[in-house]
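Enquirer: The listed protein sequences correspond, in order, to chains A and B.
Here our numbering is used: the first residue of the first sequence is 511, the next is one more, and so on.
Here our numbering is used: the first residue of the second sequence is 9, the next is one more, and so on.
If you're looking for bench data, these hints aren't it; they were derived computationally from the structure.
From the three backbone atoms N, C-alpha and C, an ideal C-beta is built for every residue, glycine too.
Calculated cross-link-like contacts (lysine-lysine; reagent style DSS-like; alpha-carbon spacing at most 25 Å):
#1 A:Lys582 with A:Lys542
#2 A:Lys943 with A:Lys898
#3 A:Lys786 with B:Lys199
#4 B:Lys191 with A:Lys618
#5 A:Lys572 with B:Lys191
#6 A:Lys847 with B:Lys65
#7 B:Lys43 with A:Lys572
#8 A:Lys943 with B:Lys65
#9 B:Lys199 with A:Lys542
#10 B:Lys191 with B:Lys174
Residues from chain A that keep clear of chain B, each with C-beta distances beyond 12 Å, as calculated:
#11 Val594
#12 Gly625
#13 Leu641
#14 Thr699
#15 Lys770
#16 Gly778
#17 Lys798
#18 Phe799
#19 Lys801
#20 Asn827
#21 Ile830
#22 Gly853
#23 Lys855
#24 Gly858
#25 Asn894
#26 Ile981
Covered stretches of chain A (in silico footprint by chain B; criterion: 3 or more residues with CB under 8 Å from a CB of chain B, positions within the stretch not fixed):
#27 669 to 679
#28 840 to 850
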Amino acid sequence: MSNDTNNKTTFQNPLSGGKTLFEKIWDTHIVKSIPDGPDVLYIDKHFIHEVTSPQAFAGIEKRGLQLSRPDKTVATADHNVPTVNQHLPIKDQLSRLQVEQLISNCSKHGVELYGLGHPYQGIVHVIGPELGITQPGMTIVCGDSHTSTHGAFGSIAFGIGTSEVEMVFASQCVLQSRPKLMRINIEGTLNNGVVSKDIILYIISKIRSSGATGYFVEFAGSAIRSLSMEARMTICNMSIEMGARGGMIAPDETTFNYIKGRQFAPVGEAWDNALKHWKTLFTDDNAKFDKEISINASDIEPMITYGTNPGLGIAINGLIPTLESIPDEGERKNIVKALEYMGLKAGGSLQGMPVQNIFIGSCTNSRIEDLRLVAGIVKGKKKNEHVKVMIVPGSQQIAAQAKAEGLNQIFEDAGFEVRQAGCSACLGMNEDKIPAGEYCISTSNRNFEGRQGAGARTLLASPLTAAAAAITGVVTDVRELLQ
Amino acid sequence: MESLQTIHSTFIPLRLENVDTDQIIPARFLKATTKDGFGKNLFRDWRYENNDETTPKADFVLNNPYYSGEILVAGKNFGCGSSREHAAWSLLDYGFRVVVSSFFADIFKNNALNNGVLPVQVSDEFLQKIFEQDNTSTLTINLEQQTIAIDATGEQETFEINNYKKTCLLNGYDDIDFLLSIKEDITAFEKQPA
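Please take these sequences and the hints and turn them into a complete structure.
Expert: Structure, rendered in structure tokens:
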């Protein structure tokens, strides 16, 4: 896999100014441009899972085709899998059939599958990076909107539909129109108790859930550079929640150190060559963006959402907006509907409000660093007796590491339910659902109506904020516990 | 894929913004391995009480016998959220060939086009004019001309679609036919020195 990286030198016309990180990668992956149409973009890595691939496999079989490049395709089972007793047959018949279909499709078409029981199994956007499959400069797709996660490594990564999965199966290419480019610069130092989830919730609350539609976003600035890879992934992961096609961050020493030594990372001479190429992947000083936004890191406080899209967020010590403060009639109507669903009042505060559930997991916040943050808050404490706490590591490898580091013990002592890897209560496809009418502080990415179960009320927040509420049983400013 | 040229129909108004794909088709219905039969679960949690398909919610527009048609008209940012193509399949299976909105999410737009469902983006003002029409009012969408008209008033707007996708839709071609036709280019690209 190490030689998958596209090492072609970027040709730069001195008269046309510099190139963005995005352009350096996109331009070297164009097989053909269709006049007044999309580009044919070559895909370096295709991740698949059980939910959005069966119809695509059926499609190529119906056409009598083979997979074009099974060697560039990696599969896992994550969306609908149970997170307890994964060694037993899946009880839900439809889920079981879907997972069995994935197994038979992968075996028939020669695709590497890290399915249930495999030590590499986990959420697709967690395992790609942790195995070193995700690398800078790649084009990466998956039939899942949170594919944007992989952009944290300086790759172009985006979610596709099942017809496009079929396209990649058939040709290793997708047809994509070149998006507009936005850069979001976050400069300065983060406040105590503020982590990367707060950064991205803050950004989305400012530019709203459709503010970046049509754009690919590069996150830059000193606050981004100071983040670990896990934290960068959280930010790129939620790019889609502001409508962006994807998000990306230029690779640097933090990126290279993360990749080095992982299972599928290049080694020896291949590593040296890859590194040489990766170091060219940054936005040139004179490159142009269609839109630039600047944010002061010190303005960001721990965030929480109150509505039914991720753009409806506030600082945890702030107030839900009053209806009078929303000038746009359409948006006001939406917020009224959202508050009704959430059982909340315009102008009110969330702090001190009782919650019944805490979900720590998902492709946004289920990595080892997230679990360490949670453990740091709950160590030696017990959860509040009125809350149910589910903690779902993103992969088998993370689960093993958490156990080895003693984190599981901390969680179990606190009364948390430690489950097995999968998407779980982020989207409520398996039995991990939040009961109707109950509140859940969730480290996941979407607070849509019914997302975590019909009638469930989701408050999106960071792992720190989730951990604080697990202890107190109410919406809590984690800084109170950090003092 | 079925071709689409002109659609002339009454419409169903969904006066909501930010309609996400979890509402269009909730995740618990994504366990199928074929593309068929998703229409019955379209907007499932808005259509039925307490996840009980025998009790429709009277105030939801799809349950209002006053409205019918092959066109869904919705508020801005339609189709945001998950990349699930099941959203497009469920709209098509229910009987919609066109969705009109003043703004579409990117992935949904591609998924719709790849299934012969035409997303027609209009101005906020034109959207409001459509919403002001009654249940007998028809819209005419002409893909070749890239126009949408309110037949009762004669008001019309043009909409954008790239020429490639337009040709695909007019003729019922799909992208895989095209990609297979340029297989040699793709093979040549793969052979370029690393």
